[in-house]
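For the protein sequence lines, the chains are A and B, in the order given.
Letter by letter, the first sequence follows residues 1 to 194 of this note's numbering.
Letter by letter, the second sequence follows residues 1 to 196 of this note's numbering.
Derived by calculation from the structure, the hints in this document are not laboratory data.
Any given hint could turn out to be false.
Below, a sample of chain B positions facing chain A; criterion: calculated Cβ distance under 8 Å [unchecked claim]:
| id | residue |
| --- | --- |
| 1 | A28 |
| 2 | P30 |
| 3 | A39 |
| 4 | R40 |
None of these values were measured; they are calculated from a predicted model.
The C-beta atom is built at its ideal place from N, Cα and C for all residues, glycine as well.
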Amino acid sequence: MPADTAPARASSFAIDVPAALLAGARAGEPAAFEQLYRRFERPVFTLALRLCGDRDEAYDVLQETMVKVLSRIGDFRGGGSPFWGWLRQIAVNEALLRLRRDRRDGDTLAVDDEDHADTSAAPPPAAADAALLHRALAQLPAATRGVLWLYHAEGYTHDEIAALMQRTASFSKSQLARGTRRLRGLLSEEPTHA
Amino acid sequence: MPDADRPFASAPPPRDWSDAFAALPLLAPPEDGWRALSARLAAPRPRRRRWPLPLAAAASVLIVAASVWQWRPVAPPARDPDGASRATVAVEAASGADAVALERMRAESAWLETLHGRVRDDDAASGVSAAVSLELEARVAGIDAALRRPSLSTAEQRALWQARVAALRDATDFETSNRWLATQGMRYDAALVRVD
Chain A
1 MPADTAPARA
11 SSFAIDVPAA
21 LLAGARAGEP
31 AAFEQLYRRF
41 ERPVFTLALR
51 LCGDRDEAYD
61 VLQETMVKVL
71 SRIGDFRGGG
81 SPFWGWLRQI
91 AVNEALLRLR
101 RDRRDGDTLA
111 VDDEDHADTS
121 AAPPPAAADA
131 ALLHRALAQL
141 PAATRGVLWL
151 YHAEGYTHDE
161 IAALMQRTAS
171 FSKSQLARGT
181 RRLRGLLSEE
191 PTHA
Chain B
1 MPDADRPFAS
11 APPPRDWSDA
21 FAALPLLAPP
31 EDGWRALSAR
41 LAAPRPRRRR
51 WPLPLAAAAS
61 VLIVAASVWQ
71 WRPVAPPARD
81 PDGASRATVA
91 VEAASGADAV
101 ALERMRAESA
111 WLETLHGRVR
121 DDDAASGVSA
131 AVSLELEARV
141 AGIDAALRRP
151 SLSTAEQRAL
161 WQARVAALRD
171 ATDFETSNRW
181 LATQGMRYDA
191 ALVRVD
């Protein structure tokens, strides 16, 4: 049975932003805008590419996300939540909105009886090869890949993924199990070089 | 030189999938990203034409009235059963009524969607109202996802289209109220806490 959350790892978005930089951005300073963009361009682009599966789309998501972040930065109040969490939420929403708009949010792996197989088993050695893992991820359907990425890389819970994708927690769990199994299969097909 | 571009030959296998994903390098977007973004940010936003207050008030009333009027019951088109058996006529009438009802809801849904796009004013939106607006749009997106499920029964389709129309009507009413508040120099957040 999959755990409700992945083992805790720092998200690539977890970047501290100095208060002075935020204040500069709120005041509309172009230099502060650019610094924020430079700090977050790679995490946003990477997340968008993992969810959408296409560089052009990922670039559009990056642009739209940053326009929203920088034009609405006055709405960010913090209140104990880090700036990066607010920004990541906008990026995830933007990428998922694009999947829905392109009618790709239904691209999933079919459900079967083994969908509650254990997903916590160690990945095959080929998962240590970034190029192989990248290629295997690209072969998964968009929504399945999105569930895997949000769960394993960003640490979202199944309930959170369900809310973000407008599905159920069961959907998230079954796609995680199915997608992890497919990923394991794809990586196991790769010749080992060790 | 297999090890240069195949790091897993020497790297220890990841303990779990989170480890494996975390080890993937961050990807770089195209170089011109900041330049394109700063150009967009620097461009003056097109100002929407502000309606004079009496005109805005009249428009709001008209929009709500039109929404209600559009929802009025419409009789299905008359059918001519000449030459058909009674049973066939009954089945056709039932499926015809379903088709007419579905078509009517689709038409109203499309009309409300257009109307919603016209009354929505991001310039008048506050943080809270933008969040409410996004929530309402997410509701519609959820219904759209359900409508794409294969082999929906007619009853399920009707229920979903009814829900879609209701959600769009809520969203349109909300945007209309927002616009109305904006014409009076008020914001949705402030209206929420007013007690007079």
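Tested hints:
Residue-level restraint check for A28 of chain B holds (minimum Cβ-Cβ distance to chain A is 6 Å; threshold 8 Å). The beta carbon of P30 of chain B comes within 6 Å of a beta carbon in chain A, closer than 8 Å, and the hint placing it at the interface holds. For A39 of chain B, the interface hint is violated, the least distance from its beta-carbon to any beta-carbon of chain A being 11 Å, above 8 Å. Below 8 Å, beta-carbon pairs count as interface contacts, and R40 of chain B has one with chain A at about 6 Å; its hint therefore holds.
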